[in-house]
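Student: Listed below are the residues making up each chain.
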Amino acid sequence: MKILVAVKRVVDYNIKVRVKADGSDVDIDGIKMSVNPFDENAIEEALRLKEQGKATEVIAVSIGTAANQDVLRHALAMGADKAILVESATSIQPLGVAKILKAIVLRKQPGLILLGKQAIDDDAGQAGQMLAALLDYPQATYASNITLENDTLHVTRETESGTEVVALTLPAVVTADLRLNDPRFVKLPNLMMARKKVIETINVADLSTDTDSKLKQLKVSEPPTRKPGIKVNSVTELLSKLRAHDNLKL
Amino acid sequence: MNQLKTLILAEHDGKELSASVYHAITAAQFWNVPVDVLIAGSSTNDIAQRAATISGVARVIHADAAHLVHPIAEDITNLILTISSEYQVILAAHSSFSKNILPRVAAKLDVAMISDALEIQENQTYVRSIYAGNVLSTVQSTDAIQVLTVHGSNFATAAMGGSAEIINIKAPEAFTKTRWISESIIKSDRPALTSAKVVISGGRSLGSSEKFEQVLSPLALRLEAALGATRAAVDAGYAPNEIQVGQTGISVAPELYIAVGVSGAIQHTYGMKDSKIVVAINQDPDAPIFQVADYGLVADLFEAIPELTAALN
Ligand SMILES: Cc1cc2nc3c(=O)[nH]c(=O)nc-3n(C[C@H](O)[C@H](O)[C@H](O)COP(=O)(O)OP(=O)(O)OC[C@H]3O[C@@H](n4cnc5c(N)ncnc54)[C@H](O)[C@@H]3O)c2cc1C
Ligand SMILES: Nc1ncnc2c1ncn2[C@@H]1O[C@H](COP(=O)(O)O)[C@@H](O)[C@H]1O
Chain V
1 MKILVAVKRV VDYNIKVRVK ADGSDVDIDG IKMSVNPFDE NAIEEALRLK EQGKATEVIA
61 VSIGTAANQD VLRHALAMGA DKAILVESAT SIQPLGVAKI LKAIVLRKQP GLILLGKQAI
121 DDDAGQAGQM LAALLDYPQA TYASNITLEN DTLHVTRETE SGTEVVALTL PAVVTADLRL
181 NDPRFVKLPN LMMARKKVIE TINVADLSTD TDSKLKQLKV SEPPTRKPGI KVNSVTELLS
241 KLRAHDNLKL
Chain E
1 MNQLKTLILA EHDGKELSAS VYHAITAAQF WNVPVDVLIA GSSTNDIAQR AATISGVARV
61 IHADAAHLVH PIAEDITNLI LTISSEYQVI LAAHSSFSKN ILPRVAAKLD VAMISDALEI
121 QENQTYVRSI YAGNVLSTVQ STDAIQVLTV HGSNFATAAM GGSAEIINIK APEAFTKTRW
181 ISESIIKSDR PALTSAKVVI SGGRSLGSSE KFEQVLSPLA LRLEAALGAT RAAVDAGYAP
241 NEIQVGQTGI SVAPELYIAV GVSGAIQHTY GMKDSKIVVA INQDPDAPIF QVADYGLVAD
301 LFEAIPELTA ALN
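From first to last, the protein sequence lines are chains V and E.
Okay, so the first sequence: first residue is 1 according to my numbering, each after it adds one.
Okay, so the second sequence: first residue is 1 according to my numbering, each after it adds one.
Just so you know, these hints were derived from the structure itself, not from any lab.
In this text the structure is predicted, and so the values were computed from the model without any measurement.
There could be a bad hint or two in this list.
[As the list claims (entries may be wrong)] Derived pair list, reagent style DSS-like, types lysine-lysine, alpha-carbon separation capped at 27 Å:
1) V:K241 / E:K177
2) V:K216 / E:K108
3) V:K241 / V:K231
4) V:K249 / E:K108
5) E:K170 / E:K108
6) E:K108 / V:K241
7) E:K5 / V:K249
8) E:K108 / E:K197
9) E:K5 / V:K32
10) V:K20 / E:K170
11) E:K108 / V:K108
12) V:K16 / E:K170
13) V:K231 / E:K170
14) V:K16 / E:K276
15) E:K170 / V:K216
16) V:K214 / E:K108
17) E:K273 / V:K219
18) V:K249 / E:K197
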């Protein structure tokens with residue numbers, strides 16, 4: 001069984017982005033980019049399934065410009081067998097991503113497709129469910145544990161009231177939560193080796209899918225900041241400040 | 001042409017409607033078209049009745065079927081698709097329930113989805129946050145059907161006093177490639193995190209699950225507060241995952257938020273910065289949490305929290 005893992009290249013989670021002066025978009029010029037954190041969990045899980053002998057091949061796919069080679073090299077250095085870059089000059093929204101991934105799924109026929117539960121730039125959290133819809137595959141989002149027996153995948157999902165377990169018949173789509181695993185560190189020699197691997201490059205136009213979106217970003221802005229607060233010197237002072245707020249009824 | 005309507009996907013636990021549904025109903029009034037509420041489940045007559053008495057609801061669409069007892073996204077999606085042509089807007093309050101389902105619906109309808117809208121404006125325009133809340137993005141959709149989730153706490157809760165018609169519809173057959181197996185719900189006597197008036201969140205600094213409870217629960221008891229946690233505290237096993245506050249957990253907007261030994265990473269503040277009053281207790285005077293706190297106390301939490309609890313009692 002092959003596993004396909006979708007890997008997005010995003011602004012590193014440690015970086016606080018700024019908006020451009022004209023409000024047209026965020027300014028990410030020269031900023032550190034990384035693998036979307038959840039996608040790293042997805043890669044790790046795919047590798048573990050392979051190491052358990054439950055998968056034969058792990059294929060990483062990323063949609064973006066030639067710059068996305070770095071995240072694919074990272075996936076290869078972690079242990080992915082193959083990498084595919086779907087080249088697109090324009091940035092693509094979740095529905096377009098799902099359509100592209102569907103085209104790749106039809107070509108490569110993976111038994112399991114792993115994605116991150118959300119991209120930390122657009123914070124959409126949609127592509128996995130959308131891909132499952134387009135393929136009419138079973139889906140499990142926010143996975144914190146996965147076990148595979150024969151053709152059935154048991155997935156523990158994190159919900160707002162605790163966790164739930166669902167069983168999916170493969171082929172299926174699963175999105176990874178951060179608690180799914182601790183992604184391995186990439187060792188330098190592996191990174192050197194990954195540099196030599198060939199990345200299959202596909203032009204998005206060759207997939208003959210319509211990835212245009214009717215959802216347009218009009219502008220971006222800085223969120224309102226909270227009014228600066230004060231430091232209090234003691235618990236007593238804190239309590240007297242809080243008691244001054246009548247609505248709190250302390 | 002029939003007037004198009006708005007459909008709300010309602011979350012419930014089999015017994016009660018989720019509080020967020022009331023916020024979604026208010027958000028849906030924006031379009032000035034009839035608002036229908038979809039209740040899908042098994043033995044959910046009471047819930048449907050209840051939904052029918054919320055002000056602003058035109059009709060309750062009720063699908064009751066044995067296989068919907070633990071609804072999976074595939075089944076709810078297929079159900080929505082049987083009625084979607086009547087609607088110009090399909091909406092829910094943003095939660096792990098709705099965000100699992102609505103992207104699947106949107107893709108089936110071949111439209112984009114707007115996740116966690118903070119604001120709804122004229123001309124199918126929405127404001128939502130991106131980059132963990134560091135940036136606000138204004139987006140406009142020209143899709144024929146708007147599929148979106150809304151940030152519940154940004155919309156008032158709808159009042160009671162309606163008398164909507166209840167329409168029973170048949171659910172399509174079960175999607176058999178996904179089976180619900182089990183769930184583990186941690187019962188707590190505390191108020192629900194998303195609706196509590198006071199939330200006390202603990203960080204990794206609490207040091208253990210025993211300490212987390214020992215230090216925070218007496219204060220929570222006194223303030224009738226819900227407990228929250230940082231991801232670091234959850235990952236370390238000090239707190240259960242469903243109380244994680246932040247970008248990848250839940251968003252809260254209580255009257256009072258007390259951050260205890262929380263550093264204030266942007267991923268965390270995303271989930272609490274709409275709180276009315278924020279108190280931060282941290283021993284590091286430079287901790288970023290103080291930038292979003294109305295009242296900051298530089299102190300050792302293991303001394304300050306018991307002292308605060310005692311002073312209140
Ligand atoms: C993709 C992604 C998503 C994430 N999503 C979330 C999320 O949803 N929610 C979330 O919370 N985090 C999230 N994180 C993690 C986040 O970046 C931080 O690592 C986390 O919030 C830190 O938790 P903390 O404040 O408990 O721990 P730390 O950063 O370790 O901070 C501990 C704090 O406690 C203080 N302290 C220590 N001892 C005491 C004492 N005795 N008395 C008083 N103060 C003391 C310290 O000064 C410090 O400020 C996410 C990270 C990533 C990469
Ligand atoms: N450009 C992309 N290339 C590869 N995978 C992507 C891309 N965009 C989104 N994904 C995948 O879809 C997941 C969810 O993204 P989103 O719906 O944008 O939050 C991510 O965690 C990735 O696994």
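Student: It remains to establish, for every hint, whether it holds in the given structure.
Tutor: Here is what the structure says about each hint:
Taken as a hint, the K241 of chain V and K177 of chain E pair is broken in the structure, with Cα atoms around 57 Å apart against an allowance of 27 Å. Of the pairs offered as hints, the one joining K216 of chain V and K108 of chain E holds, with about 20 Å between alpha carbons and a cut-off of 27 Å not exceeded. Of the pairs offered as hints, the one joining K241 of chain V and K231 of chain V holds, with about 11 Å between alpha carbons and a cut-off of 27 Å not exceeded. Distance restraint check for K249 of chain V and K108 of chain E: the Cα-Cα separation of roughly 49 Å exceeds the 27 Å cut-off, and the hinted pair is therefore not satisfied.
Taken as a hint, the K170 of chain E and K108 of chain E pair is honoured in the structure, with Cα atoms around 20 Å apart against an allowance of 27 Å. Between the alpha carbons of K108 of chain E and K241 of chain V the distance comes to roughly 53 Å, so the proposed pair goes past 27 Å and is violated. A threshold of 27 Å between alpha carbons decides the hint, and for K5 of chain E with K249 of chain V the separation of about 42 Å lies outside it, so the pair is violated. Proximity of K108 of chain E to K197 of chain E is assessed by CA-CA distance (about 39 Å); at most 27 Å being required, the pair is judged violated.
Annotation: proposed proximity of K5 of chain E to K32 of chain V is violated, straight-line Cα distance about 45 Å (limit 27 Å). Between K20 of chain V and K170 of chain E the CA atoms are separated by roughly 51 Å; this puts the pair beyond 27 Å, and the hint is violated. Using a Cα cut-off of 27 Å, the hinted pair K108 of chain E and K108 of chain V holds, with the two alpha carbons roughly 22 Å apart. For the given pair, K16 of chain V sits about 49 Å from K170 of chain E by alpha-carbon distance, which is inconsistent with the 27 Å threshold.
Our distance criterion of 27 Å between C-alpha atoms is broken by K231 of chain V and K170 of chain E, whose separation comes to about 59 Å. Of the supplied pair hints, the one linking K16 of chain V and K276 of chain E holds, its CA atoms being roughly 24 Å apart against a limit of 27 Å. For the suggested pair K170 of chain E and K216 of chain V, the alpha carbons sit about 36 Å apart, so the restraint of at most 27 Å is broken. Among the hinted pairs, K214 of chain V with K108 of chain E is consistent with the structure: their alpha-carbon atoms are about 15 Å apart, no more than 27 Å.
For the hint pairing K273 of chain E with K219 of chain V, the CA-to-CA distance comes to about 22 Å; that is within 27 Å, so the pair holds. Between the alpha carbons of K249 of chain V and K197 of chain E the distance comes to roughly 11 Å, so the proposed pair stays at or under 27 Å and holds.
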